[in-house]
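Each chain, letter by letter, is given below.
Number of protein chains: 2
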Amino acid sequence: MTVTSRKQYVVSRPVYSEDSLNEDHEKMQRKHKALMEHVKEYLTCDANRAKKAVVSVLPVIGWMRTYRVRQWLLGDVVSGVRTGLVAIMQGLAFSLLASLPPSYGFYTAFFPMLTYFFFGTSRHISVDPFPVLSLMVGAVVTRLVPEDGPHANITDFESLTQDQQRVLVASSVTFLTGIFQLAMGVLQVGFIVVYFSDTLLSGFTTAAAVHFLVSQLKFVLGLSVPGINGPLSLCKSKFGIFVQITSTNKCDLVMSIVIMVVVFIVKELNDRYRAKLPVSIPIEVIMTVIACGVSYGFNFEKRYDVEVVGTMVRGYESPIVPSVQVFQESAVEAFPVAIVGFAVAFSVAKVYSNKHDYPIDGNQELVAFGVSNMFGATFRSFAASKALSRTAVQESSGGKTQVAGLVSAMMAMIVTVALGFLLEPLPRSVLGALVVVNLKGMLMQFREIPYLWRRDEPECVVWVGTCLAAILLGLDLGLAVGLGIELLTVVFRTQFPRCSILANLPRNKVCEPKGVKIFRIPSPIFFANIEFLRNKLVEAVGFDPLRVLRKRNKTLRKIKKLLQKRDHGITEKGLENLFRTATDDPEMNWSAELPSEFSVPAVNLHSLILDFSAVSFLDISAMKGLKMALKEFTHVDVDVYIVSCDALIMEKLTSCMFFDDEIRTSMFFPTLHDAMLDVLEKHKDNSTGSVVRKK
Amino acid sequence: MTVTSRKQYVVSRPVYSEDSLNEDHEKMQRKHKALMEHVKEYLTCDANRAKKAVVSVLPVIGWMRTYRVRQWLLGDVVSGVRTGLVAIMQGLAFSLLASLPPSYGFYTAFFPMLTYFFFGTSRHISVDPFPVLSLMVGAVVTRLVPEDGPHANITDFESLTQDQQRVLVASSVTFLTGIFQLAMGVLQVGFIVVYFSDTLLSGFTTAAAVHFLVSQLKFVLGLSVPGINGPLSLCKSKFGIFVQITSTNKCDLVMSIVIMVVVFIVKELNDRYRAKLPVSIPIEVIMTVIACGVSYGFNFEKRYDVEVVGTMVRGYESPIVPSVQVFQESAVEAFPVAIVGFAVAFSVAKVYSNKHDYPIDGNQELVAFGVSNMFGATFRSFAASKALSRTAVQESSGGKTQVAGLVSAMMAMIVTVALGFLLEPLPRSVLGALVVVNLKGMLMQFREIPYLWRRDEPECVVWVGTCLAAILLGLDLGLAVGLGIELLTVVFRTQFPRCSILANLPRNKVCEPKGVKIFRIPSPIFFANIEFLRNKLVEAVGFDPLRVLRKRNKTLRKIKKLLQKRDHGITEKGLENLFRTATDDPEMNWSAELPSEFSVPAVNLHSLILDFSAVSFLDISAMKGLKMALKEFTHVDVDVYIVSCDALIMEKLTSCMFFDDEIRTSMFFPTLHDAMLDVLEKHKDNSTGSVVRKK
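Chains as they are written, first to last, in the numbering used here: chain A, 1 to 695; chain B, 1 to 695.
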């Protein structure tokens, strides 16, 4: 049927319409599985299935069986120690973001990891405090237990110190977050992360970086500004800092600037000479040790009134029961924490699972995070996730499995139990400075704006919208707004597609076939764009069929009146040739020239071909509109062809009674060319100008 | 170039790739208008433009000039009188829905119409109290001024009676609604109504009908239940009624039931014998008159303790200044009122503008409604819109222009000024009963559920979701939820399209070309579905290219090790023929049989053709994913072809640096057939099984 000559495109086959194609080639019936079969399949149980189910709930069983002690253990331990160092530093700093006493950061580096080890499917991610989540938890903490002023009306707070109240709030929020994550995992809704596109997350994390910056400024400047919440909290915080700027602690400021400059330079050097250095310089650890020493030696706390980390809780405290009242107060805020924590972690985990070729399971990850957060929360840790930077450390230093994570958790335990007191003289401004320096990468994401704008305006709008909303309204509300904007862009893009008219390309020039318009519908057709598409179609053909029809009917009535008069003796010149037949219900020949008193828009079209190849769905509202539009055209004697229509859409049209006397299946053709050949065949004899036939 | 034999499809032309097509046919440059030109065009002013602008702001000038007094005036007056009767009845009933004294319903039937006459573009709609809006305004009224208990803390309320407070709240909300509508009109955002699809509005109005039913029950039963607001208010109201059910006023109940039965039967008869009756029987007016008379004659108010309409305000009161404090309290609720009022009215107006062939302008309609509501609000009327039923009366009784509306407004004025006292003995239960009977049509919309479910599940979800949300959460929140669900269905449908594999149809059986897979991408590609599409593609080709590549690399390393050993004297049988060349960097022949110890998944594919004809947009996140997927396939020696790609998408790909050494423009072909011919040409010699070439 298809003949190939060298580099020549030759086709020769009968012209098909959808109807004749169906006649020649009988349709195969698709077999649909009955609902019962699905249920049956789902409920079948055998040893193999049971085993699989256990492994999928406790993935540790799967990878522990194949653990190669000789090859992997050393790498895991080394990597665990290095990751542990980073986790301790960050735990300390991020507990300040969460407005909690520093030792709870170590708890967060320890407890969640223990359960993730058993439940997680990723082998490389490290579950630790994560700055964005810390900040979100911190927002709830400062709302319910403000620095000064009365705390929220919660009976569980009675007989607790402020710090204890805060820890209770943080662990309750974390517990609730865990419940949400576990529920989502059990309900198998892990797929929602696809909505967190790179663009959205980039805008969101940039906004978070701005929040960090402001929240750390008070530490860097040594001021005590109360944590402020709610929309526009950022501006209020900034204002609070600005008011107090004269009482800046000079010792804090100098120390912060020195540390920032040194760390910044060393990090740049690390980046530049990465290839040549055996290991990158752990400048943050070095600076912390130095700062601790200096602060202790010169007794900064007493002499310069510098705020230091202060007394660490030694060892672990007894588990606590989360407060149901806090659940009620913070449900709206815990949900975004759950979502963001999972989305960030999953995107990181996917990078490494792709690189190292092992499967990860989104829903199982949700379960793992949920259990980890709930377990951690009972032991007073706050919401944990995993950051790209720390996971990168774990992987690049040779970590192969979660055994490395376990080692890093042990490091945190050692610090908690034995070495915590060494960090007591560390000034808080040093921690703030280290956080600020680490924001460079996140703040650099602002450079994406011009890049996105040039490439794809809607994505730029998503980025800027998410970022602004998250800065101005707070992280949780901002995320919701960003998500809304993102989904709207999809709707908009689907709704306002670029329509096009197709034409022939004979030799080096575009040439539209005479009397035929080929209109390509470039998107699904649904309630929101049917009107838009109809307008585009009217614009493309150059006349509004409804208007033409009305004008024609009006004219016809007038002419009939005139003709009746003529029957009564009055003759009007030029009216006879308007009719092709002389029956009682005469057919007008609209292409003939009318007397000047009748103004009927010209229709220089006999066929309209609609290319449906991009119509992937069609809803019922749109179907009504489409039918109306098609009828309008057939009423002004334009033949409508629909080509490349999807088989499922054809089925749906049939089941919704789309077809009737005027709209028939015979207008459907499998390809544009088939339809065009049919048009040419029909209009063989009179290929001049506007030709109208009555069907 | 195209040869047509009778009913035969014959094409013969060179095979084109996108590259060669561009060479042969130079692309025409599209001329984009510069921004300045747009601005210039926009700012140009001449007499014609000025005239048009005036007419577009005051459409009355346009149609008044062509008003045909002889032909139209009589029809307009007759229709105005009939519409006026209906409007008075409904104004009375709907003011109860809004929890206001009844006379304000007449105000609402009068003032907004006066301004709509000048500003409106529709000639048939009647601007009157509208039940859904009345209920929404009523919700604010009862929230701010509850029946019992303290009213909201608003200083403007001082020294006002409860009814006066309520009127102030209602008119302030209406004024704010008007401001929103005017603002939307000025900002030209009238297009938002496209999002209110028929399905959404149907679900929403059904929910509103349920609310009416419950809110009228207390009148029908003669109980005094305080208005309750907020989510789940419906259940609470029902409970309130249930608790009091024993104190039902039997006189009210009997009267209501009698009226409901009579009106229902007569309406059915009206419908059935519509063709035979000269005019339909105005049963509601008749019943009202009878009820008034009976109630007055037997002194129902005193004798049976029946609640009657009571003292009417005679004449008009002085205008009031809306309360800014109420604005602040009710902004969130006024916005949905503005949107719903406009959406309902516009959908009605469009029906008639289509029927009678005159243009209506969404943005001008918004302006007209905004001005009408603001004007009306200063004269103490509440939010107005137009309902299909009343507009149908106006049109069917011969109304041609808004002159009919003016007449109907005058009727309301007469009642207010002179005849209002006649309605004073009317029992409220009668009004309630009339509202309930009129709900039949709206409640019948429940029948749409099974219809929609069979045809189009997502739309059914939208309907049920909107209806449930509006019933449970209240009308304003419910509308927002419904809108969200509706937009999500669009995203979902775009996101999870039905993918398909294309094949040849030689004679009566489907036959896939050997070694070639043709995959049709049936939707735009964006952040949320790139992963889904990749999975579908992997499923379609039957192997995961990434996995294959990793296995191959592993095997290659092993074999190289073995070969090195062989160089040292160990020979392994069967390894020589694995390599096609014997260079230092040998090329594996992966289709050859490997020794059993190596398990590499087979790739029985040499070409993959992706049909992009339905890809109407492609975002940047998806572009990264697509590039990665294409590379994965080229790395396992599968030639990838992309066909029917939109020209704009090609441009975007180029500008986003999609192309590099591996992904080249030469993989793009204008049609599927061109690509297929290229594949056949390349694989002419070895058309057997899996063939792999190294590029």
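Misleading hints may appear alongside valid ones.
Note that identical chains are pooled: a pair holds if it fits in a single copy or bridges any two copies.
As the list claims (entries may be wrong) - Here are the simulated EDC-like cross-link-like pairs (lysine to aspartate or glutamate), alpha carbons at most 20 Å apart as the crow flies: (1) Lys350 x Glu531; (2) Lys554 x Glu457; (3) Lys652 x Glu424; (4) Lys652 x Glu158; (5) Lys355 x Asp544; (6) Lys536 x Glu147; (7) Lys355 x Asp198; (8) Lys267 x Glu681; (9) Lys652 x Glu18; (10) Lys514 x Glu158; (11) Lys554 x Asp305; (12) Lys536 x Glu651; (13) Lys624 x Asp661; (14) Lys652 x Glu37; (15) Lys631 x Glu662; (16) Lys624 x Asp544; (17) Lys355 x Glu632; (18) Lys267 x Glu531; (19) Lys355 x Glu531; (20) Lys652 x Asp156; (21) Lys624 x Glu457; (22) Lys627 x Asp198; (23) Lys536 x Asp46; (24) Lys52 x Glu41.
Since the hints were made in silico from the structure, they are not lab data.
Quiz item: Between the shortest in-copy and the shortest cross-copy C-alpha distance, which are at most 20 Å for Lys624 and Asp544: within, between, both, or neither?
Solution: Answer is within: at 18 Å inside a copy they meet the 20 Å cutoff, but 43 Å across does not.
Quiz item: From the Cα coordinates, with 20 Å as the cut-off, is the pair Lys554 and Asp305 best called within, between, both, or neither?
Solution: neither (93 Å within a copy, 62 Å between copies)
Quiz prompt | Within, between, both or neither: Lys631, Glu662 at alpha-carbon 20 Å | solution = This pair counts as within: shortest intra-copy Cα distance 7 Å, inter-copy 49 Å.
Quiz item: Quick one: Lys355 to Glu531, C-alpha cut-off 20 Å, is that within a copy, between copies, both, or neither?
Solution: Classified as between: cross-chain Cα gap 16 Å, same-chain 47 Å, threshold 20 Å.
Quiz item: How would you classify Lys652 and Asp156 at a CA-CA limit of 20 Å: within, between, both, or neither?
Solution: Cα proximity of Lys652 and Asp156: none, with 59 Å in one copy and 58 Å across.
Quiz item: For Lys624 vs Glu457, is the C-alpha pair at or below 20 Å within one copy, between two copies, both, or neither?
Solution: between (33 Å within a copy, 17 Å between copies)
Quiz item: For the identical chains here, do Lys627 and Asp198 meet the 20 Å Cα criterion within one copy, between copies, both, or neither?
Solution: Classified as between: cross-chain Cα gap 16 Å, same-chain 40 Å, threshold 20 Å.
Quiz item: When no copy is named, should Lys350 and Glu531 be tagged within, between, both, or neither for a Cα gap of at most 20 Å?
Solution: between (42 Å within a copy, 12 Å between copies)
Practice problem: If the cutoff is 20 Å on CA atoms, where do Lys652 and Glu18 land: within, between, both or neither? Let me know, please. | Solution: within (15 Å within a copy, 35 Å between copies)
Quiz item: Taking 20 Å as the upper bound on the Cα-Cα distance, should Lys536 and Glu651 be classified as within, between, both, or neither?
Solution: neither (26 Å within a copy, 23 Å between copies)
Quiz item: From the Cα coordinates, with 20 Å as the cut-off, is the pair Lys355 and Asp544 best called within, between, both, or neither?
Solution: between (57 Å within a copy, 14 Å between copies)
Quiz item: Within a copy, between copies, both or neither: where do Lys652 and Glu158 come within 20 Å Cα-Cα?
Solution: neither (64 Å within a copy, 62 Å between copies)
The structure fails hints 2, 3, 4, 6, 8, 10, 11, 12, 14, 18, 20 and 23 (numbered hints given earlier, in ascending order).
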